[in-house]
Amino acid sequence: MNSIVSVSSISKKYQLPLSNKEVSKSLVNRIFSKREFEEYWAVKDVSFTLNKGDKLGIIGNNGAGKSTLLKILSKITKPTTGKVDIRGKVASLLEVGTGFHPELSGRDNIYLNGAILGMSKKQITQQFDEIVEFAGDQIIKFLDTPVKRYSSGMYVRLGFAISAHLDPDILIVDEVLAVGDADFQKKSLGKMKEVASKEKTILFVSHNLTAVANLCNKTLHLEKGYVKQFGETGEVLNNYLSAMQNNLLEQSFNHIENAPGNDLVRLKYAKLTPVLIGNQLIADVRNSLKIDIEFWNLLDDQNLNISLHIFASTGECIFNVGTQPKLLNKGVVQATLTIPGYFLNDGNYLVSFMIVKDKSIVLFNFEEVFNFEIADFREDTTWYGKWPGYVRPQFDFPIQQVSQKI
Amino acid sequence: MAFLNTSNFNFSNNLELLLILAKRDISVRFKQTALGMIWAIIRPITTMLVFLFAYKNVTNISNISGYPIQIVIYSGILFWNLFANSFQSVSNSILLSSNLITKVYFPRMIILFSAIAVSIVDFFFGFLVYLILAFYFKIDISHNLFFLPVAVLITLFISIGLGAIFASFSVRKRDFLQIIPIIVQYGFFVTPIVYTSLEFYSKPWFKMYTLINPLVGLVEFFRFSLISGYNILSLSEILISIFSSILIFVIGLFVFHFKKDTFVDYL
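Line order of the protein sequences matches chains A and B.
Per my numbering, numbering through the first sequence is continuous, rising by one, with the last residue being 406.
Per my numbering, numbering through the second sequence is continuous, rising by one, with the last residue being 267.
Isolated chain A, as found in the complex (with noise of 0.2 Å):
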């Protein structure tokens, strides 16, 4: 009966047209006949219900349907079969500054960009001077210029903070949180929670695990436009890190006929075991990774090490780790690599390794044995933005006041 968003069996079907079959058509036949169209639905029978009050967080991973639900709830395009039904107001924040002109100034974009949100006339101007003070400083200097003229953290910290003060009964927000410095993000954490603690009702997408954790207490799991899991933030956020956590972590060969590598290694047994710290469901930041190696050494008497690589997801060798060399005989070769907690940064890694005669031959490279992800992991912030970097030490770095005179 309180429900103030109901969504029921909602789908979104998108035709892709077949590309390499419409070349060999003649022009006559492309206009002629009728073109053929691959289905895809962006999101398929997705159904639940919010009540006033509730956080929703949407979650999973790209082209999941997450956007497309959301430009559903906000009315941008319509469901091609299902039903929505909202009561209230609803304010939709896809993108900051929708609708900003470059030509026109700070001030005259506000309005703008605010009747485009919704707000009529009177209410920005009632609100006007809070904007600006939310937008900070350098924008009052520069509040009669044209904003094409604004760096980019001035423009985006301009259209936040108009839509800051929309007032809705329901707010439909997609990764805005991921903009601006640090300090921004920390004003806009601010305001969302602010929002949040107010009587309304959020529907936030984003990639940030963390921020969803703490801000919704319902999260929507999408896989492939499908519904996976519904329910308590909690349970969802456990459930889907740990289906990603299932990546390739284990590997192991009980014939030496189908393992991978030549005739003068194969590889018998691979394992990255992350080592978790009570009830944890996934790995993150804190934890130190085991890696364990075996392999078949098919020649006698060699001078053999493994030389192991970590790579970042976008190709980078983080680092580069080996044994020392020993003087090995045929039969299986074990070794184990541990990664101490607190080194890697979160993200997403690869590992490869590769056996080595006397310190230079390679024998074989193993590569990308292993993709795995390292997620978050933060207490006492306010801060969600993206920590930089690949690595993520924890060194000593003492501050202290050595002076009360200035």
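If you're looking for bench data, these hints aren't it; they were derived computationally from the structure.
These numbers were taken from a predicted model, which means no experiment stands behind them.
One or more of the hints may lead you astray.
Keeping only pairs whose Cα atoms sit at most 30 Å apart, straight-line, the calculated DSSO-like set for lysine-lysine is [as the list claims (entries may be wrong)]:
(1) K31/B - K89/A
(2) K259/B - K141/A
(3) K23/B - K141/A
(4) K121/A - K31/B
(5) K89/A - K191/A
(6) K259/B - K148/A
(7) K141/A - K193/A
(8) K198/A - K224/A
(9) K259/B - K83/A
(10) K13/A - K173/B
Given the coordinates of chain A, work out where chain B should sit on it, guided by the hints.
Structure of chain B alone, referenced to chain A:
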């Protein structure tokens, strides 16, 4: 709980948005120009001078159907620019606003109506120049001038109607954008813009011609309101054009209404 209005917008908010989009287009038009609003009158005056040059030097005509050549040409151009500019900007409006349409919901029709703002401002400045010309050529401004707002309104109706159709179809197939300049370019010559319909009023196909091209009746209605004693077409002939223009307006808005929900999937 109380059943709140599901729509974000009420009529006054819609009107405010329309006005602010119109204001945006107008102020952007003259941003970073040295001459500003003067550009609004340079175009019609240049067009008139070009035809004046051709008529005077090539054919040695100094009046058309008994009216000063400058007055006939300029009043025609005034009409044509209002029609062509608003038709073109309405046709392009949806594609040009794709960044808005894909990011935020508001009634899409607002975009169509706000697109005519610049043409109206241009028309206003062009009209001031006409008053100067009329004074110079001693053309009386009669009480028929009261019909001018009606003529302008009907012209905007047909522009929006045609524009809405082109805007709706060009979202899916950009081919329609190629047709617009053809209409604007050749329509200029097949409509009595730089001549009057008196020149072929007696032709047997004239009735058919006014039916096919409602702009004929409209431009003559324009001249009727601007030039004292100008009375080439009969009331019924003008009424037919007015009626077809309104019909096109209604059809255009219907087409737009049924197409608007699919725009975002093709932008």
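Here is how each hint holds up against the structure:
1. Between the alpha carbons of K31/B and K89/A the distance comes to roughly 35 Å, so the proposed pair goes past 30 Å and is violated.
2. This hinted pair does not check out: K259/B and K141/A have alpha carbons roughly 44 Å apart, beyond 30 Å.
3. A C-alpha spacing of about 24 Å is found between K23/B and K141/A, which places the hinted pair at or below 30 Å, so the restraint holds.
4. Under the criterion of a C-alpha separation no larger than 30 Å, the hint pairing K121/A with K31/B is consistent with the structure, at around 23 Å.
5. About 19 Å separates the Cα atoms of K89/A and K191/A, which keeps this hinted pair within 30 Å; it holds.
6. Only pairs whose Cα atoms come within 30 Å are accepted, and K259/B paired with K148/A is rejected, the gap being roughly 34 Å.
7. Straight-line distance between C-alpha atoms of K141/A and K193/A comes to about 29 Å, which keeps the hinted pair within the 30 Å bound.
8. The suggested pairing of K198/A with K224/A is violated, with an alpha-carbon distance near 33 Å, which exceeds 30 Å.
9. With a C-alpha separation of about 20 Å, the suggested pair K259/B and K83/A falls inside the 30 Å cut-off, and the hint holds.
10. Note on K13/A and K173/B: the hinted pairing holds, with a Cα-Cα distance of about 20 Å set against a maximum of 30 Å.
Going through the hint list in order, the structure does not satisfy hints 1, 2, 6, 8.
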